[in-house]
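Enquirer: What follows is the residue order along each chain.
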Amino acid sequence: MSLVRFYLSNSREVLGLLGQHVLLVLVSTAIAVAIGVPVGILLTRRPSWRRPVLGLANVFQTIPSLALFGFLIPLPLLGGIGARTAIVALVVYALLPIIRNTYTGIAGIDPAIREAGRGMGMTDGELLRLVELPLAASVILAGIRVATVVGVGTATIAAAIGAGGLGVYIFRGVAVVDDRLILAGALPAALLALAADGLLGLVERRFAWR
Amino acid sequence: MTDVLQVSGLRYELGGRGTRDGGRVLVDDVSFSVGAGETLVLLGRSGSGKTTTLKLINRLLEPSTGKVVVAGRSAAAVEPHRLRRGIGYVIQDVGLLPHMTVEQNVGLVPRLEGWTPARIRERVRELLALVGLAPAQFAARRPHELSGGQRQRVGVARALAVDPPLLLLDEPFGALDPITRAELQREFRGLEGRLGKAMVFVTHDVREGFLLGTRIGLMQAGRLVFLGTVEEFRRSVHPEVRAFLEAAA
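Order-wise, the sequence lines are chains S and V. Take the first sequence: its letter number 209 is residue 209 in the numbering used here, and every next letter is one higher. Take the second sequence: its letter number 239 is residue 239 in the numbering used here, and every next letter is one higher.
Treat the hints loosely; a few may be bogus.
Facing chain V, according to a computed beta carbon distance under 8 Å, are these residues of chain S, among others [to be verified]:
id, residue
1, I73
2, A116
3, M122
Rather than coming from a laboratory, the hints here were simulated on the basis of the structure. C-beta: ideal position from N, C-alpha, C; glycine also.
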């Protein structure tokens with residue numbers, strides 16, 4: 001009950017932080033898609049690059065998020081205090097599932113289907129656009145969904161470097177040992193993650209052939 | 001009359017010397033020609049090089065040596081995708097794209113060729129009717145909503161879309177039940193006469209070969225060991241021909 005009262009009396013701040021949070025996740029996921037999907041496609045064309053590239057993305061994934069934020073702060077251009085640094089870190093985390101799923105989605109297509117497309121006279125570009133991407137769409141979208149859901153969680157830590165978002169409440173709550181404050185940040189973040197998961201799951205299903 | 005397809009001295013050797021299959025010869029010195037209105041049936045056991053020969057014609061595989069001439073032009077001189085758009089290609093079962101409707105599948109090559117949507121629509125309707133599928137009923141379906149026989153009909157319609165002079169068919173009826181197969185074979189025989197295309201039809205079924213072929217080419221271990229009419233095939237004393245005839249008797 002007291003949580004409801006907290007939201008009512010701080011509605012402007014809550015909505016502001018929620019907005020920041022959503023923006024952090026949207027921008028970072030969009031950038032990660034713009035990088036990750038082409039990289040994943042490239043890996044299907046250059047199989048020998050697969051191990052090093054996925055390995056590198058994997059290494060980034062293992063860096064604890066708080067530490068990665070810390071590492072980024074002193075860097076020129078990418079670093080500093082604020083949303084830009086947070087977005088860079090979130091992009092780094094989102095890349096692996098997107099690259100990996102783009103690669104597996106396309107590599108998993110029955111070679112006979114690819115050959116049928118080529119046999120009909122498709123160029124490489126047409127094959128990618130008309131056959132490979134549509135058939136891999138649900139797998140690629142699953143990767144984007146995972147990246148988004150993880151991003152919503154990781155973005156709470158962005159508050160530690162002054163990027164705002166719902167993590168502000170969590171850090172404040174931890175600092176003053178106030179469960180209600182922690183919950184005020186954690187609960188909407190969790191709901192946001194669920195909403196993103198459900199929404200993207202619906203889109204994904206539209207692309208499930210057969 | 002010039003031949004639509006001329007194949008001479010075709011040879012295909014697997015690359016990668018030193019690897020396990022390196023240097024293996026899958027197709028060896030194969031020559032034949034096919035004219036308009038003629039169907040050459042390539043017969044042979046599994047692994048005899050029939051499918052490889054087809055893929056060497058539309059350059060899904062590049063010949064090691066030999067020459068392929070389609071409609072008077074050397075296949076090697078044309079960009080592969082341009083060459084393939086001028087050759088109808090029908091394969092067993094998996095040929096249709098699962099994420100496209102029947103209409104989109106049949107209209108695919110016209111679309112690649114930049115036809116207007118209205119013209120594509122018109123052509124798709126015409127072709128579906130030609131292969132015995134009511135356009136109103138089937139145009140919007142996806143391949144998984146069709147029976148095996150219907151899928152193969154769509155495959156034939158698609159291969160005919162831009163009216164190519166040459167059709168390559170790789171066991172198009174191989175995956176069908178015997179009754180549907182007989183039905184499609186009968187209809188296909190009717191189509192052959194009406195269309196006047198040059199066709200190369202790969203099968204391992206002698207009876208199918210007799211029914212649909214103007215001539216039979218028998219392949220064994222990558223070589224064309226017999227080439228002649230159905231009558232000549234029946235009279236041949238070549239041991240591989242006899243083996244096929246006995247198996248069918």
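Enquirer: Hints first: check each against the structure and report whether it holds.
Expert: Cross-check of the supplied hints:
no.: 1; hint: I73; in the structure: violated (46 Å)
no.: 2; hint: A116; in the structure: holds (5 Å)
no.: 3; hint: M122; in the structure: holds (6 Å)
Hint violations for this structure: number 1 only, all remaining hints satisfied.
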